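Protein chains: 2
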Amino acid sequence: MAVEWSNSSPELLIQLDRDSGEPLRSQLQTQLRDAIQTGRLSAGERLPSSRDFARSLGVARGTVQDCYEQLRSEGYLVAQTGSATRVADLRVEPAEATAPGAPIPTPDPHPPRRWIADFASGVPDLGTVPRDDWTWALREATRTAPNAAFDYGDPRGDADLRTVVASYLRRVRGMSAHPHQVVVCAGFAQGIALTFRALADRGMTRVAVEDPGPIGTVTRAAEAAGGTAVPVAVDDSGIDVDALDASSARVVVLTPAHQWPTGVVLAPERRHALIAWAERRDAVIVEDDYDAEFRYDREPVGSLQGLAPDRVVTLGTVSKSLAPALRLGWAVAPVHLVEALTAAKEAADRGAPTLDQVALARLIESGRYDRHLRRMRALYGARRDALAAALREAAPHVPLTGLAAGFHAVAHLPDRADEQAVIAAAAERGVRLYGMSTYRSTRSSHPPQLVFGFGNTSVEEIRDGIAVVADLLR
Amino acid sequence: MAVEWSNSSPELLIQLDRDSGEPLRSQLQTQLRDAIQTGRLSAGERLPSSRDFARSLGVARGTVQDCYEQLRSEGYLVAQTGSATRVADLRVEPAEATAPGAPIPTPDPHPPRRWIADFASGVPDLGTVPRDDWTWALREATRTAPNAAFDYGDPRGDADLRTVVASYLRRVRGMSAHPHQVVVCAGFAQGIALTFRALADRGMTRVAVEDPGPIGTVTRAAEAAGGTAVPVAVDDSGIDVDALDASSARVVVLTPAHQWPTGVVLAPERRHALIAWAERRDAVIVEDDYDAEFRYDREPVGSLQGLAPDRVVTLGTVSKSLAPALRLGWAVAPVHLVEALTAAKEAADRGAPTLDQVALARLIESGRYDRHLRRMRALYGARRDALAAALREAAPHVPLTGLAAGFHAVAHLPDRADEQAVIAAAAERGVRLYGMSTYRSTRSSHPPQLVFGFGNTSVEEIRDGIAVVADLLR
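Chains A and B are the protein sequences, given in the same order.
Each residue of the first sequence is one higher than the one before, counting from 1 in our numbering.
Each residue of the second sequence is one higher than the one before, counting from 1001 in our numbering.
With the rest of the complex left out, here is chain A:
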């Protein structure tokens, strides 16, 4: 037998541990499979007879026979009647990187760094996520759900949540929302993916996106649905509707309540012009209603959707109000688009997780959601005031705009300033700043502007951070 196994005696490869509690057959099988997968037993190699192998391992012959049969049925071994059992010829390349325990192929190139202040936008405060409320809501959902709720659900989303969300949006966002217009989705990214898919089926593939704005995200989503995206300029009153009209797009994605990232509120006359454009061009407006809950000086501007429910798809999410990690949001669509959106959602993932949906419905119904929003409005309001005060002191001639809502604002540097140089110098000092150029289609750094997010940046960090970079901002 030693002759047959010149390179690798299977007895030497197998280490049975009689104290492990794991059945010997299972140990033998796992170790043999491993030896074949990793190439320690190679194609064509002949295995000992079950009798010999059993004797040398000190196990019952049936154990080896069962193990051979299992690995034969999985394709690792071959056995013709009357001849020996051999390792199958899998002709698989030695897959170094795929072997269990192999080194990590692509280690994260950016290990997290500890900043004095990081003014990233688009992330809410992660330290005040209402964990207890959410746990309560999930427990309620899991405890009270009927058995049928554990099946595949309605691809539009849980009926309770759609009712609660429609009512919430009517009350808080002035929307004209009926539960049958609501499709629950996994947040803004999925919302536009599904909307673009539904619109592409009607030949509406040319999508306008605000410039500056989320140009990369919208472009990728449009292209995934077989379309294209065109940037349309935003000025102090919001999107330029004449330029939109000239773009020949029949879809536009925008942020009327608090433009991302300039912070501009879409002016009333622009609202009218936009809806008139949509009527004239038979177009669809996709409203990203991302942070309107957080308005400080006065109450939030109502959703555009309420003005033209047949022309507007409004996308909302709890990413800013609760936490991005929950991946829950909704689309409120014109009735004529709901079926196509639902089909897109069904094809994408057969619907959102039910318990998470029921939990969100409970959270809103119970008043805990509103209470959390009130608490956060106070928190963000204090940060906003701290940012404004710190900048006023550090750089009194640098105007700060877009502060009416949400948790970011724009600082307008002097015209001669070099946006990129300021960011680089601040990073050297441990403060992370973000330039407007990233959000412009041209990537131009002029006019030089910084987008200050304060959703996940404490008052103390804001003060310390601004103090450290004060001279850079003047």
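FYI, nobody ran anything at the bench for these hints, they're computed from the structure.
The structure presented is a predicted model; accordingly, all values stated were derived computationally and were not measured.
Misleading hints may appear alongside valid ones.
Simulated restraints on C-beta separations [to be verified]:
#, chain 1, residue 1, chain 2, residue 2, range
1, A, 13, B, 1267, 23 to 29 Å
2, A, 44, B, 1397, 53 to 59 Å
3, B, 1281, A, 39, 22 to 28 Å
4, B, 1127, A, 60, 39 to 45 Å
For glycine and all other residues, C-beta sits at the position ideal for the given N, C-alpha and C.
Please build the complex by placing chain B on the supplied structure of chain A, with the hints as guidance.
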């Protein structure tokens, strides 16, 4: 003033409730907005001056002014300096079906019916979902997560869960799985959507699907990625690899451990032929590993992926092991495909919900997942035995196949039987049966076969149901 308001005096439209606790301004604003949205106040109508309106409502003038200003900024009202405030001309069609409270546009055409037995496949037992374990796991996840876990996560999925899943699949499914090959997704539907998207980017758009099999689902997913699907016949040894080769597809979706819906196990020689095909054609095998945990006579057949980790994408899910409503699954992909899959997942929804992922990791790590599977194996095993016994008694000459694993089996009716007539007659008697024809590309009812699912059908229902239709099956 009565003259100006001939049709609709706004005072008559507004009902302020001074005991409601809701601020009067908010009440006034909501009701005015509603009146405009529903057309009770129409375009161009002139509103009373804030002074007159305030007096007639008995509120402060500032309340009306604030309300006018808010509705102006939302676009519902227009006001030129020095002239009256009017209702904006929105030119929106009266949207009957979209108005809040309007009748439901599409009521569900199939209200749930109470069956003596429903032999639907593909759904696990919904009455034994481990609610307490899941609540425990979610609470652990929410309680112990660091703040950063509430941010947008890694689009590949939570690092802990990917490690736990890779280790589980190595141990239980004989896979060659490294955490860096795992992309967490929302179940099989999303798994194929992402995989097809990643493969389409490499020009691999022609997808073979088992026939009988999930032809509709796979076809829709292939088309959504710009491709096509071709059915390839399944015989008693699994998919016909020669026919697959002739199909010129470079992607195949299959269920090697327990073919859906025939229940056939892919024979060892077919496993080898399939992998040889993939090597020769530079093709990718998508393995739907959907119910292999539930094998009764012997241990589960190991995953095909372990034999050829560079050629196979294995899709798994908790839809059968825990509940479909959780919408959690994974793709284990060759290293060279992981980046494209991750990009597809990021574009689709920016990653799965984090807490659900962490909860699943805890459930597996704690041994609760294995314990649940053991319990369910016993439950399904008893149902399987009950089905076999009931059919043996009711229709001794009708063979039942595909019983080795999972929770469905196939009854082969006599050749002269009319599959559709049997199903219709059984429905008359309150028993819901399912024909193989649904899963065939030709929709042919020959040979006549019934697919009996027993995942969510109790032993009692199985016995009662078969007894009621016994004479139809002979």
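Hint check results:
| no. | hint | result |
| --- | --- | --- |
| 1 | A/13 with B/1267: 23 to 29 Å | 27 Å, holds |
| 2 | A/44 with B/1397: 53 to 59 Å | 46 Å, violated |
| 3 | B/1281 with A/39: 22 to 28 Å | 24 Å, holds |
| 4 | B/1127 with A/60: 39 to 45 Å | 40 Å, holds |
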